[in-house]
Amino acid sequence: MSRQIAKREWTTIHNRTSDYLKLYVLKVFFSNKYVTAQVFHTPTKTVAAAASSQEKALREKMETHSDCAAAGKIGEILANRLKEKEIPAIHFYYTKEQRYHGKLKALIDNIREHGISFVG
Numbered sequence: 001m002s003r004q005i006a007k008r009e010w011t012t013i014h015n016r017t018s019d020y021l022k023l024y025v026l027k028v029f030f031s032n033k034y035v036t037a038q039v040f041h042t043p044t045k046t047v048a049a050a051a052s053s054q055e056k057a058l059r060e061k062m063e064t065h066s067d068c069a070a071a072g073k074i075g076e077i078l079a080n081r082l083k084e085k086e087i088p089a090i091h092f093y094y095t096k097e098q099r100y101h102g103k104l105k106a107l108i109d110n111i112r113e114h115g116i117s118f119v120g
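Counting from 1, one number per residue, gives the positions in the sequence shown under my numbering.
Treat the hints as calculated values from the structure; they're not laboratory data.
Check each hint, because a few of them may be wrong.
Listed next, the in silico DSS-like pairs over lysine-lysine satisfying Cα-Cα at most 27 Å (straight line) [stated by the list, open to error]:
| hint | residue 1 | residue 2 |
| --- | --- | --- |
| 1 | 103 | 56 |
| 2 | 83 | 22 |
| 3 | 61 | 27 |
| 4 | 105 | 33 |
| 5 | 105 | 22 |
| 6 | 33 | 103 |
| 7 | 96 | 61 |
FRET-style restraints, in silico, Cβ to Cβ [as the list claims (entries may be wrong)]:
| hint | residue 1 | residue 2 | range |
| --- | --- | --- | --- |
| 8 | 102 | 55 | 33 to 39 Å |
| 9 | 47 | 117 | 17 to 23 Å |
| 10 | 57 | 27 | 29 to 35 Å |
On a predicted model such as this, the values are computed, not experimentally measured, just so you know.
For each residue, glycine too, the CB sits at the ideal point set by N, CA and C.
Generate the whole structure from the sequences, applying the supplied hints.
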């Protein structure tokens, strides 16, 4: 077996296992009207916790549903729900379109402020 093939196989196996070890992954969606955040459990592909500005209890309390303040509130609620389920750390994949700015920054900062750490 050549050195390049062995390295490629190791890299493939390493990538698969490292993705599997990131147990909880944060997925965020911003529409023109609402903010939605979900944390997925990677091995079972189920939603561990979620928060959205579409929820009836939140819609009545918030003035606007899609600005930075709403994103911060969603981050706070999601962090509390993660604490209830005893999830101490999550992972977030940045895509090319998402910059750490504005609504995304407000959401992630509020999750961090409430005791949830980010790994990876």
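Quiz item: Would you say the C-beta atoms of residue 102 and residue 55 sit inside 33 to 39 Å of each other?
Solution: Violated, since residue 102 and residue 55 (Cβ atoms, about 22 Å apart) do not stay within the stated range.
Quiz item: Within 17 to 23 Å or not, the Cβ separation of residue 47 and residue 117?
Solution: Between residue 47 and residue 117, where Cβ atoms are some 20 Å apart, the hint holds.
Quiz item: Does the alpha-carbon distance linking residue 105 and residue 33 stay inside the 27 Å limit?
Solution: holds, 18 Å
Quiz item: Regarding the pair residue 103 and residue 56, is the alpha-carbon distance no greater than 27 Å?
Solution: holds, 21 Å
Quiz prompt | Satisfaction of hint between residue 61 and residue 96, Cα-Cα up to 27 Å | solution = violated, 33 Å
Practice problem: Would you mind confirming whether the straight-line C-alpha gap from residue 61 to residue 27 stays at or under 27 Å? | Solution: Holds, at roughly 24 Å.
Quiz item: Within a Cα-Cα threshold of 27 Å, do residue 83 and residue 22 meet the stated pairing?
Solution: Distance ~18 Å between residue 83 and residue 22 Cα, so the pair holds.
Quiz item: Between residue 33 and residue 103, is the straight-line Cα distance small enough, at 27 Å or below?
Solution: holds, 13 Å
Exercise. Assess, step by step, whether the Cα of residue 105 is no farther than 27 Å from the Cα of residue 22, and give holds or violated.
Key: holds, 21 Å
Quiz item: Does the Cβ distance between residue 57 and residue 27 fall inside 29 to 35 Å?
Solution: The hint (29 to 35 Å, Cβ to Cβ) is violated, given that residue 57 and residue 27 are roughly 22 Å apart.
This entry does not satisfy hints 7, 8 and 10, going by the numbered hints stated previously.
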